[in-house]
Amino acid sequence: MSSDYEYSDEDGDYYDDELMDEDDQDSAPSEEEMDIDAFDGPIKEKRKAYQVDFITLSKQDVEKAMDENIEYITGLFGIEPEAASLLLRHFEWNKEKVTEKYIDNQSGVNAAAGVSAKTTPPRSATSGPSRSTRRTAPASSRSKKSLSVEGPFVCPICFDDTQTRTLALACSHKFCTECWMAYATNKIKSEGEFKITCMAEECNLVATDSFIQSILTTDPSTFDRYKELLVRYFVSCNRELKFCPYPECAQTVSCPAAASKFALTTIIPIVNCEEQKHKFCFACPIEDDHRPLICTVSKLWSQKCRDDSETANWIKSNTKECSKCQSTIEKDGGCNHMTCKKCKYEFCWVCMGPWSEHGTAWYSCNRYDEKDSIDARDAQSKSRASLERYLHYYNRWANHEQSAKLSMDLYAKTEKKMEEMQLTSALTWIEVQFMRKAVDEVFRCRMTLKWTYAMAYYLQKGNQKEIFEDNQRDLEKAVEDLSELLEQPIDAETIGLLRQKVTDKTVYVQKRNEKVLEDSAAGYLEGRWKWNVTVEGFD
Amino acid sequence: MALAYTRRLNKELAEIHAGTPVGINLVNADTFEKWLFTVEVMGTSEYEGEKFLLMFRFDNAYPISAPAVQFVVDDTHKAPVHPHVYSNGHICASILGREGWSPVLTVIAICITIQSMLASCKKKEQPSDNDRYVPRAPENPKKARFHYHGTCWRSAA
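If you read the protein sequences in the order shown, they are chains A and B.
Counting from 1, position 391 in the first sequence corresponds to residue 391 in UniProt numbering; the numbering is continuous, with no gaps.
Counting from 1, position 136 in the second sequence corresponds to residue 136 in UniProt numbering; the numbering is continuous, with no gaps.
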């Protein structure tokens, strides 16, 4: 479908959902409708083709966006903000859906969202056996009778008659504040739940934020957690928003460009939160910066590396099954006269036939040309070739990952070297920063290289792949050269020269990396990349 | 809350001693950790003549969260054959989970619910995923995660 649309690189609106993403309209109702105009902050520098626009939002920013949605509903129907909030939560923060359903059936929607109590007795025939029986159970009615005690109030949960402070939602089911607190704390802290219904049986009225706050006045940390759960839910309902996945980080990233599935066939939305610079992919859970390979194919690769498909391939290419007892046998040397360890069957490794038929042709199988053995050898060499191909890419992929990890050690070494340099030469602190910059660049490029190997594994053979691999080779060569330079011993006399070389090489490496990333990004937009597997969104 | 939990169980126990519904009898409530009841289905039903032992285990989260409830399965006791009862005695009922539990429910209310769950059974059969669930089920049924929707209740433990 990509060929039907024209892309223009400049204005950045080539992923217009209205046109392209028909099948997402139902499944993700909340995305486009939500107001996030408020997030359109100033866009920093002009982005590169392989980058996406995104901005970081603090918790307050998100809360502000929530309030704007609430205000909209409040203004539209003249209802309390807290009721509007419950309605929005019930409809996954989809304003249009709230509006539509509210106009359609106001009392029904209010009851379903827990804004007001149900007026009619709840459904009976449709629910499961446990629920329907519970309603008619005599004990429930009895326990309710004991609820309406004469004299001092007895909390129906803890049976404490010394409690003087009680609370109830609009349904007037009264409980002592201590039970409310224990209940709300349990819901929030243990269950991570922000929808806190009345404790009474079958009452589905939902507690408002101010009610929760009044319960938790003595425990502000739990109330904070409650508010965080609300924010997280709002973010999860909005396709243009994502929470920074790093633990303890409370920032949200807004990336409208990556909100539709279709857009992800052309962009790799690597973003970072502003404050901590945590880098992550907006659209998939792969931890790496997996540019230049798009999410879906990166996922294929990660799965392939994780699962055992290649183990099976190895077994297929390196072992045979005893034709008598089917035990798997690996031949690790020696002649073709095999004796199965298990069943003692003697056979020929080449033709798999019984050894007794081989007569005196001890070391060469004269039955070699028979069709069966040709087929067997074909199948074997095919799977061997497939394994070799995979290993070629995997080894390089893993090597760059390993090297990238090692460059963390290099960082420490560089630090030391930089100190050394300041001592042994006339260079100042500022002037030795070139080392750190070089290490950073090496790390970045190795990440790119790593994923270029995964990409090359899936790219269809052809001119485009060749160009891709040429770019890859140039980058790899440059990176290895720079790495080597960084490992060189520091000599007071040659420092100047080394500095010049490293700086030059860093700039060059950076350019090569840009080249790989820019060209692959352009390739996605131009539909140049063809895969050797089926990839969603590609023909 | 420890105080509230014992006070609550004391109160419930007092009510139980005053009388239990027909077919439900207290066997043992010596501690506030574990109570045992026998449950029979009265009148004509699939379980006529059968008597089951129901075990309640409490911790101080009770009654804010549900107790752990299961049928005892040992040399002398068996779990009822029922589409919502696993052969290890675990019960899949919404009121025993997070969503369906309400702190105003009581031990006796649970007994009655389970009694009528048995009474309304039309065909004695095990849950469809019994063989998958039982070998991997946690010892405490509260740690299992059940889905209560539809007729085929799966476990995702």
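For the record, the hints were derived by calculation from the structure and aren't laboratory data.
Possibly wrong hints are sitting among the right ones.
[Claimed, not checked] Restraint-style ranges between C-beta atoms, simulated for each label pair:
#1 191/A <-> 88/B: 37 to 47 Å
#2 88/B <-> 72/A: 43 to 53 Å
#3 408/A <-> 136/B: 32 to 42 Å
[Claimed, not checked] Far from chain B by the CB rule (all over 12 Å, computed), these chain A residues:
#4 185
#5 187
#6 190
We treat Cβ as the ideally placed atom computed from N, Cα and C, and that holds for glycine.
Results for each hint:
{"no.": "1", "hint": "191/A <-> 88/B: 37 to 47 Å", "in the structure": "violated, 25 Å"}
{"no.": "2", "hint": "88/B <-> 72/A: 43 to 53 Å", "in the structure": "holds, 52 Å"}
{"no.": "3", "hint": "408/A <-> 136/B: 32 to 42 Å", "in the structure": "holds, 40 Å"}
{"no.": "4", "hint": "185", "in the structure": "violated, 8 Å"}
{"no.": "5", "hint": "187", "in the structure": "violated, 9 Å"}
{"no.": "6", "hint": "190", "in the structure": "violated, 8 Å"}
Consistency note: the structure conflicts with the earlier hints numbered 1, 4, 5, 6.
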